[in-house]
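Trainee: One letter stands for each residue in the lines below.
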Amino acid sequence: MKRILIQDTTGNLKKEKRDLHISFSTQIRDRGLTDQVQVVMASDLGVYDRGLAVKVLPEGVIYGGVELKHIPDIIEKTIVKGEKVEELVVERKNKQMRIVLRHCGVVDPESFEDYVAHDGYQGLAKALEMGPEKVIEEMKKSGLRGRGGAGFPTWLKWNLTRGVKGDEKFIICNGDEGDPGAYMDRSVLEGDPHSVIEGMMIGAIAVGATRGFFYIRAEYPLAVERVQKAIDQCYAKGILGKNIFATGFSFDIEIRLGAGAFVCGEETALIASIEGLRGYPRPRPPFPSVKGLWGKPTVINNVETLANVAYILLHGGESFGRVGTEGSKGTKVFALTGKVRNSGLVEVPMGITLREIVFDIGGGVLDNRQIKAIQTGGPSGGVIPEQFFDAPVGYEELQKLGSIMGSGGMIVMDENDCMVDISKFYLGFCVDESCGKCAPCRVGGTQMLHILNQISEGKGQIEDLKKLSEIAHAMQKASLCGLGQTAPNPVLSTLKYFEKEYLAHVLDKKCPSGKCASLVTYLITKESCTGCGMCARVCPANAITGNRQEKYTIDPDKCISCGQCYEVCKFGAVLRQ
Amino acid sequence: MGISKEDLYKMKDETLGKRPGNWIRVGYSTCGIAAGADEVFRILEEEAKTRKLDVKIQKCGCLGLCSAEPLVEVNVEGVPHVFYGKVTKDAAHKIMDEHVCQKRLVENHIYEI
Chain B
1 MKRILIQDTT
11 GNLKKEKRDL
21 HISFSTQIRD
31 RGLTDQVQVV
41 MASDLGVYDR
51 GLAVKVLPEG
61 VIYGGVELKH
71 IPDIIEKTIV
81 KGEKVEELVV
91 ERKNKQMRIV
101 LRHCGVVDPE
111 SFEDYVAHDG
121 YQGLAKALEM
131 GPEKVIEEMK
141 KSGLRGRGGA
151 GFPTWLKWNL
161 TRGVKGDEKF
171 IICNGDEGDP
181 GAYMDRSVLE
191 GDPHSVIEGM
201 MIGAIAVGAT
211 RGFFYIRAEY
221 PLAVERVQKA
231 IDQCYAKGIL
241 GKNIFATGFS
251 FDIEIRLGAG
261 AFVCGEETAL
271 IASIEGLRGY
281 PRPRPPFPSV
291 KGLWGKPTVI
301 NNVETLANVA
311 YILLHGGESF
321 GRVGTEGSKG
331 TKVFALTGKV
341 RNSGLVEVPM
351 GITLREIVFD
361 IGGGVLDNRQ
371 IKAIQTGGPS
381 GGVIPEQFFD
391 APVGYEELQK
401 LGSIMGSGGM
411 IVMDENDCMV
421 DISKFYLGFC
431 VDESCGKCAP
441 CRVGGTQMLH
451 ILNQISEGKG
461 QIEDLKKLSE
471 IAHAMQKASL
481 CGLGQTAPNP
491 VLSTLKYFEK
501 EYLAHVLDKK
511 CPSGKCASLV
521 TYLITKESCT
531 GCGMCARVCP
541 ANAITGNRQE
551 KYTIDPDKCI
561 SCGQCYEVCK
571 FGAVLRQ
Chain E
1 MGISKEDLYK
11 MKDETLGKRP
21 GNWIRVGYST
31 CGIAAGADEV
41 FRILEEEAKT
51 RKLDVKIQKC
61 GCLGLCSAEP
71 LVEVNVEGVP
81 HVFYGKVTKD
91 AAHKIMDEHV
101 CQKRLVENHI
111 YEI
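These protein sequence lines are chains B and E, in that order. Heads up: the first sequence begins at 1 in my numbering, then just goes up one per residue. Heads up: the second sequence begins at 1 in my numbering, then just goes up one per residue.
Just chain B, with the same shape it has in the complex (with noise of 0.2 Å):
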């Protein structure tokens, strides 16, 4: 039997649909082909802005821009025949690439027999058979860099570690992921913890580590409820314990929970968070690699970097380093968030373009409203303005556009996102979760965040731009830990390229994306007004009175200028100033 999936691949095409499916089942039936075929409406199928699309399985092939008129052809030669109608013949441009979520979605998270069945602790057995050294320079020939963020090789980390005498050495697996809209870590440690476990153990191999943390946070119950499974399964089944393998190689593995501190990411302040101390970041050096969790040698990976080193170590370095550009290799998750069709999780390889993952992947904007920015790497990254989508992602690639790779979130911006307001999102959530210990990030956060209240507000003043820069620069490089160190970067890099927002609030004392409150007045236009009374209805302050006659109006002294009168009107009679 044949099946035809149909697709709108706009989002605003019902009728044309529903139409199109009509014809074609009336025309199969004419055929007499009914017990043949299946005409089947679809949700989504990976193709985006080629306005009705077919799909004809099990062939596969998918047709876009089909009309009405194409119907009899596409019986003929695609059902009837088993031809392609060429001229309609469209590509799935969607070019995720699994490595990390190589399991996720398709193992069982809770069997170590089916993570076993996919090759489950291969990686492991080689690593013991291959010895620190060579596992060192497997990842070397990988150039996997850390995907927590900064991008340190991985394998440099992991030799530092293994150059420094100890009696005792650990590993800590990262998990406390806190970046707004970033949740990549969760996935992978829901969905497959045994690789992380793996992951961990082949490092602690490389190492000369003998026991390993697993630092979750709390908020993360579904994915500590998961690792600590999948550990009891391993100490079960001898994979974890004393001379695994009959290798003479003993490892234990803890989980220890974050209690929702954002600083606590952060190497030297996780380390006293596991130590039972206050949340607090050291100075480096020295770096843990020298002296870490109780002043031993100690080596912390993020979740998504020790996920990759099992497959490394099956597949071998060479054929990781293959994906990717020069100075990035593999491919990164991507927690792609916000006014984006598709938002959800991708994987994709390092050197695809932001376009690509926006568009090709994520469907496009959302409402088909014009795209204006994406945000990357959280609070401690930048925006980056739709001329520059065209660019590679890679560590340095986005570092020169002002932001970074960061851990993976990445938000989708669109014309009714303000950028005075996203900077103020951001430096307000770093200023809650600032430590304190530090003053540049402490004094210099508030600072900047009252500035940016005061544009907000429309009580800005054009030196304040410049004021806001200098210290943005003054906490770069004067705060303690990275936290402070980046929290400038959403300020810094809306500055740079969409000034004339902060312009327009200074000067004209306007938000032209009308998300500021202080800075719109919504008023109804009586001409337009059909009397509906729908903002009234909707309107949380009351502000709106009047009747079908009358048509309706805004009380100016009660208006929070909250925007839902504009959000509900259907014909365009609420004007936002």
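Just so you know, these hints were derived from the structure itself, not from any lab. Just so you know, not all the hints are guaranteed correct.
To give a feel for the contact side, a few chain E residues facing chain B, derived at Cβ under 7 Å [stated by the list, open to error]: (1) Ile3; (2) Thr15; (3) Cys101.
Below, simulated DSS-like cross-link-like pairs (lysine-lysine); rule was C-alpha separation at most 30 Å, straight line [to be verified]: (4) B/Lys77 with E/Lys12; (5) E/Lys86 with B/Lys2; (6) B/Lys14 with B/Lys84; (7) B/Lys141 with E/Lys12.
All residues carry an ideal CB built from backbone N, CA and C; glycine is no exception.
Put chain E on the given structure of chain B with help from the hints.
Mentor: This is chain E only, laid out in the frame that chain B set:
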């Protein structure tokens, strides 16, 4: 004494050998559960049991398309292998009734991953 490397290979082969021909996977991470994967999983299991269907219902992690959760992957002989997104209770019943029993794809829920 723990398992050896040879035991791993044996376990792999055994698990692969026992793999069911017909299976349904339900995305069971935080995103899926928040969207109602719990209910969907329960319905699918119940239906499989009461109708005595030869199909194994399994849990798995998140495939990445979080906006389309709960996400259900169906692999049943005689029907193309597809993903169903935004699976409601109603759709879960339909998957068993139409896809598994009648070998017809369910309308309005197909997603490509």
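Trainee: Could you run down the list of hints and mark each one as holding or not?
Mentor: Status of each hint after checking the structure:
1. Hint status for isoleucine 3 of chain E relative to chain B: holds, with the closest Cβ pair at about 5 Å, below 7 Å.
2. Among the interface hints, the one on threonine 15 of chain E holds; its C-beta lies about 4 Å from the nearest C-beta in chain B, closer than the 7 Å criterion.
3. Evaluation of the cysteine 101 of chain E hint against chain B yields a violated restraint, the C-beta minimum of about 14 Å exceeding 7 Å.
4. Among the hinted pairs, lysine 77 of chain B with lysine 12 of chain E is inconsistent with the structure: their alpha-carbon atoms are about 44 Å apart, more than 30 Å.
5. A C-alpha spacing of about 24 Å is found between lysine 86 of chain E and lysine 2 of chain B, which places the hinted pair at or below 30 Å, so the restraint holds.
6. For a cut-off of 30 Å, the pair hint linking lysine 14 of chain B to lysine 84 of chain B stands: about 26 Å separates their Cα positions.
7. A distance of roughly 29 Å separates the Cα atoms of lysine 141 of chain B and lysine 12 of chain E; the hinted pair therefore holds under the 30 Å criterion.
This entry does not satisfy hints 3 and 4, going by the numbered hints stated previously.
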